[in-house]
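Student: Protein chains in written order, with this note's numbering: chain A, 1 to 386; chain B, 1001 to 1435.
Derived from the structure by calculation, the hints contain no laboratory data. As the structure is a prediction and not an experimental result, all values here were calculated from the model. Think of the CB as a built atom: it goes at the ideal place given N, C-alpha and C, for glycine as much as any other residue. A portion of the hints provided could be inaccurate.
To be verified - If you anchor each label on the Cβ, the simulated ranges turn out as follows:
| hint | chain 1 | residue 1 | chain 2 | residue 2 | range |
| --- | --- | --- | --- | --- | --- |
| 1 | B | Asp1158 | A | Ala223 | 51 to 57 Å |
| 2 | B | Gly1017 | A | Ala39 | 33 to 39 Å |
| 3 | B | Asp1158 | A | Phe349 | 45 to 51 Å |
| 4 | A | Gly247 | B | His1155 | 27 to 33 Å |
| 5 | A | Ala205 | B | Pro1032 | 49 to 55 Å |
| 6 | A | Trp243 | B | Gln1341 | 51 to 57 Å |
| 7 | B | Ala1061 | A | Ala223 | 54 to 60 Å |
| 8 | B | Gln1417 | A | Gly247 | 32 to 38 Å |
| 9 | B | Ala1061 | A | Ala16 | 36 to 42 Å |
| 10 | A | Trp243 | B | Gly1065 | 25 to 31 Å |
| 11 | A | Asp244 | B | Gly1065 | 26 to 32 Å |
| 12 | B | Ala1134 | A | Trp243 | 49 to 55 Å |
| 13 | B | Glu1063 | A | Ile47 | 44 to 50 Å |
| 14 | B | His1155 | A | Ala16 | 57 to 63 Å |
To be verified - Chain B is nowhere near these chain A residues, computed Cβ spacing over 12 Å in every case:
| hint | residue |
| --- | --- |
| 15 | Arg6 |
| 16 | Trp31 |
| 17 | Trp32 |
| 18 | Leu88 |
| 19 | Gly92 |
| 20 | Trp125 |
| 21 | Glu127 |
| 22 | Thr128 |
| 23 | His160 |
| 24 | Leu202 |
| 25 | Ser207 |
| 26 | Ala217 |
| 27 | Ala226 |
| 28 | Gly250 |
Unchecked claim - Chain B side only, calculated, beta carbon under 8 Å to chain A, not exhaustive:
| hint | residue |
| --- | --- |
| 29 | Ala1009 |
| 30 | Leu1015 |
| 31 | Pro1073 |
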Amino acid sequence: MALLYRTWFGFSGWLAAVVLWLVLFQGQVLWWQPAALWALFALLWLITRKLGAHPGALPFTAALVFLGWIFLTRLDPHLAQGHFQGVLLGSGFYLLGLLVPVCQLPLRRLWAWAALSLLAITLIWGETAGGARAWLTVAGVRFQPVELAKIFFILYLGKHLAPGTSLWELAFFLASFCLLLAWQRDLGPAALVFLVFIWLSLRQAFSWYKLAGFLAALGAGFAAGAYLFPHVQTRVLAWLRPWDYLGSKGYQVLQGLFALNSGGLVGQGLGEGLVQVIPHGHTDYILAIIGEELGFLGTAALLLCYLGLAFWAARILQDLTGGEQLTGLGLTLLLHLQVFLVAGGILRFLPFTGLTLPFVSYGTTSLVAQFGMLGLVAGLSRGGEG
Amino acid sequence: MRRSFLVLALLYCLLLGGAFYWQLCADLGEHPANPRYYLVFQQDRGPIFDRQGKALAYSEALESGYRRSYASPSLSHVVGYFHERYGMTGLERLYHGELSAGRSLFTTLDLELQKAAEELLGKAAGAVVALHPATGQILALVSAPYVDGGALDEHWPDYRADVRSPFLNRATHGLYPPGSVVKPLVYGAALAESQAEPDQRWPDGGAWQLPGGTIRNYGGRAHGEITLDQALAQSSNVVFAQLAVELGDKLLEYYRLWGLGQEVQFELANLAGLVPEGTSSQYHTAQLGIGQGELLVTPLQMAQVACALANGGVLLRPYLVHEVRGGLRMRQITRPQVLGQALPPALAEKIKGAMVLAAQEGTARTELSGEFAYGGKTGTAQMGSGPDHAWFIGFAPPEAPQVAVAVVIEHGGTGAQAAAPLGVELMRRAVQRSE
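Please work from the sequences and hints to get the whole structure.
Tutor: Put into structure tokens, the structure is as follows:
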């Protein structure tokens, strides 16, 4: 706990320096936002402790959120405004997750049905943007239902991935979930949820046959996706041979690599990067911009923040058992595998999947959902202590 | 649970490794698809100055970005050019890091002399190099034809189509047989090996028959019994062939002492030219002694030789950039560098005297000989076909040389007709400027 306090104070000093820099040298009018966010995170810290939960995620989350806020300010202050509002809304969902004892709710299969219904509704009434039918407007609020559906599905898995559940049932829900997403042409979340499923299933009972089977299924799904969807082929080619498609398919991947490369050790400096050439710089590709302007040290600090979140989750989960532990692990993996898919795509370990970088990228729905997930995991630690 | 998080930590290590590779190990800064590479062409850049502080290259502000301009078109072979489409060459390329960081380059060039050499060469293909004898600094370096670094957009297709290769820097990369301009070196070698007494007279019947071939004087003229000074002044092939045959393979060692066949230690080039490993026959040696055979030199090498002749036999490294100024390391100054002593000073003085004689009453005599004192040696290098290449090397004034030059004019005819007047006029202007 002492270490956490020290992290928190160190972070506050760093933040104050950034805010001073913004006010004094940049004439930045949004200077009050980081101050408000700091107060918000301090409040969340107090509430979390009061409720007997482990607050260790908050310093790391705050660091990531501020990093995102700074870079969005640098790209377009309107985006930072949206990020700020997203965090305010997200903190509400964090508290919700903290308070609702989600594992004790008698919802069982309803989680899966809720996830499937959300996707089905999106498929029928949704709006298309960026090639995927992924947006829904309810009562004037426009959001991406898949961010919620992911969580619901993991909650279902946490309850039902125990021995005794029929394999057919699992297969049915999983296949429906992935197919509905494929229908929406939104394959990133499908891949993410499938990976979490594989991980959880292998953790429950490991066998090499199962691993081979899952890998085969993953490969088959991937091949089918590449066969059916031209944009998947594009991304695979851009991943394997970006140098052959400099100006077309490989453009985004290469611009990301060029940006990272020009960062070097300490970066070009905040505001000095060539950001206008990177497509989706404020969402999917924000890591490339951070890498260019803050260098390897910045990228490493960012990744270490996520690693810190993982350690926090490990601390909580080691005291839990059964369904609670599985749910907590599922939610944690949902966050961290998303980081791996995005960063791995930018660093050319994987084909790019087009997901947001949690807590950093612009995107209110994903921000809110990630705060909710964090709250749920933190909420699990309440049960452990109280 | 522990295992799950171990795997997660490993995944993060993998990402860290990937970031480490792409950010610190990969080198994509100059990849043609990287827009950052082209940005430097839009940015302001340090100027390049001549020895008086006149700008040779400077960035002109446009409505958006900057454009590089040059004081004279012939500078493209030295200063180089810097163009978004056609890349960078010369000093612009060599000092790109410094220039793009806003530092300025102070060169040893004299812009007025450079322009004079450019004007004197006119439409001819060839090269002129003028050095400052005491230091080895390059005062002027012209290779014609040249491209105009400030007008590449307009003329690029013409330059590409030009059969005379305007992109070739003849001064540093043109390989020519030297012809008679190597005779001072043969003379020096003979003196150093004590094979020739200064007052000894040598028979010259206009031709010398050897097994394998006959060495003839230019125009077949017989000079009778002459001293070596006279032989150099009249450029007697017969006498120098005799000296060479007596020297044998040692001759080639002396050539190397003067930097021939050795890599030039110059910023923009390190071409060695060609001096054969050994001689195969007396006729072969005789030919090498009059600058024919397979001997090949660059004009820069001959300028280095002229410089050493003017400088008491001290071979200096020719250099172009005197100083880099600005930035964190405020000043970096290049010092003259001695590469070796090609000949004892006393013998070098003797050769100098013979070259002054050549300028007064020999082949290097020009219309200016009466009013302007200099030393020189002409050369006429025979090619397999086409008119000969005209050579001239010289220095002025003889007692305390301020300038040493080498001139080559491709297919210009004899050195006396084509190259010597140009070289002498250039030296006259250089001496005027230094007074």
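Student: Hints first: check each against the structure and report whether it holds.
Tutor: Hints versus structure:
A beta carbon spacing of about 55 Å between Asp1158 of chain B and Ala223 of chain A agrees with the range 51 to 57 Å that was offered as a hint. Take Gly1017 of chain B and Ala39 of chain A: their Cβ atoms lie about 38 Å apart, and the range 33 to 39 Å holds. Against the hinted window of 45 to 51 Å, the Cβ-Cβ separation of Asp1158 of chain B and Phe349 of chain A comes to about 50 Å, which satisfies the hint. A C-beta distance of roughly 28 Å is found between Gly247 of chain A and His1155 of chain B, which places it inside the suggested range of 27 to 33 Å.
At roughly 53 Å, the beta carbons of Ala205 of chain A and Pro1032 of chain B sit within the given window of 49 to 55 Å. Taking the beta carbon of each, Trp243 of chain A and Gln1341 of chain B are about 54 Å apart, inside 51 to 57 Å as hinted. At about 56 Å, the CB distance of Ala1061 of chain B to Ala223 of chain A agrees with the hint of 54 to 60 Å. Checked against the given bound of 32 to 38 Å, the beta carbons of Gln1417 of chain B and Gly247 of chain A, roughly 57 Å apart, lie outside it.
Hint check: Ala1061 of chain B to Ala16 of chain A, Cβ distance near 40 Å, so the stated range 36 to 42 Å holds. For Trp243 of chain A and Gly1065 of chain B, the Cβ-Cβ distance of about 28 Å falls inside the hinted range of 25 to 31 Å, so the restraint holds. A beta carbon spacing of about 31 Å between Asp244 of chain A and Gly1065 of chain B agrees with the range 26 to 32 Å that was offered as a hint. Ala1134 of chain B and Trp243 of chain A have their C-beta atoms about 53 Å apart, which keeps the hinted 49 to 55 Å range intact.
Taking 44 to 50 Å as the suggested C-beta distance range, the pair Glu1063 of chain B and Ile47 of chain A does not conform, at roughly 57 Å. Our hint of 57 to 63 Å for His1155 of chain B and Ala16 of chain A holds, since their Cβ atoms are close to 59 Å apart. For Arg6 of chain A, the shortest C-beta to C-beta distance to chain B comes to about 22 Å, beyond the 12 Å cut-off, and the non-interface label holds. Non-interface status of Trp31 of chain A relative to chain B is upheld: no Cβ of that chain comes within 12 Å, the nearest being about 30 Å off.
No Cβ of chain B approaches the Cβ of Trp32 of chain A within 12 Å, the least distance being about 33 Å, so the stated non-interface status holds. For Leu88 of chain A, the condition that its CB be more than 12 Å from all CB atoms of chain B holds, with the nearest at approximately 29 Å. The claim that Gly92 of chain A lies off the interface holds: its Cβ sits roughly 28 Å from the closest Cβ of chain B, which is beyond the 12 Å cut-off. The Cβ of Trp125 of chain A lies farther than 12 Å from every Cβ of chain B, with a closest approach of about 37 Å, so its non-interface assignment holds.
For Glu127 of chain A, the condition that its CB be more than 12 Å from all CB atoms of chain B holds, with the nearest at approximately 33 Å. Interface exclusion of Thr128 of chain A from chain B stands, the closest Cβ pair being 31 Å apart, more than 12 Å. With a least beta-carbon separation of about 19 Å from chain B, His160 of chain A lies farther than 12 Å from that chain, consistent with its non-interface assignment. Not every C-beta of chain B lies more than 12 Å from that of Leu202 of chain A, the closest at about 9 Å, which undercuts listing it as non-interface.
Annotated as non-interface, Ser207 of chain A keeps its C-beta farther than 12 Å from every C-beta of chain B; the closest such distance is 15 Å. Distance to chain B confirms Ala217 of chain A as a non-interface residue, since its nearest Cβ pair spans about 20 Å, more than 12 Å. The claim that Ala226 of chain A is not at the interface with chain B holds, since no C-beta of that chain comes within 12 Å of its own (minimum 23 Å). Not every C-beta of chain B lies more than 12 Å from that of Gly250 of chain A, the closest at about 8 Å, which undercuts listing it as non-interface.
The criterion of a C-beta within 8 Å of any C-beta in chain A is met by Ala1009 of chain B, whose closest approach is roughly 7 Å, and the hint holds. Checking Leu1015 of chain B against chain A: minimum C-beta separation of about 5 Å stays under 8 Å; hint holds. Against a cut-off of 8 Å between C-beta atoms, the interface hint on Pro1073 of chain B is violated, since the closest Cβ of chain A lies about 34 Å away.
Consistency with the previously given hints fails for numbers 8, 13, 24, 28 and 31, ordered from lowest to highest.
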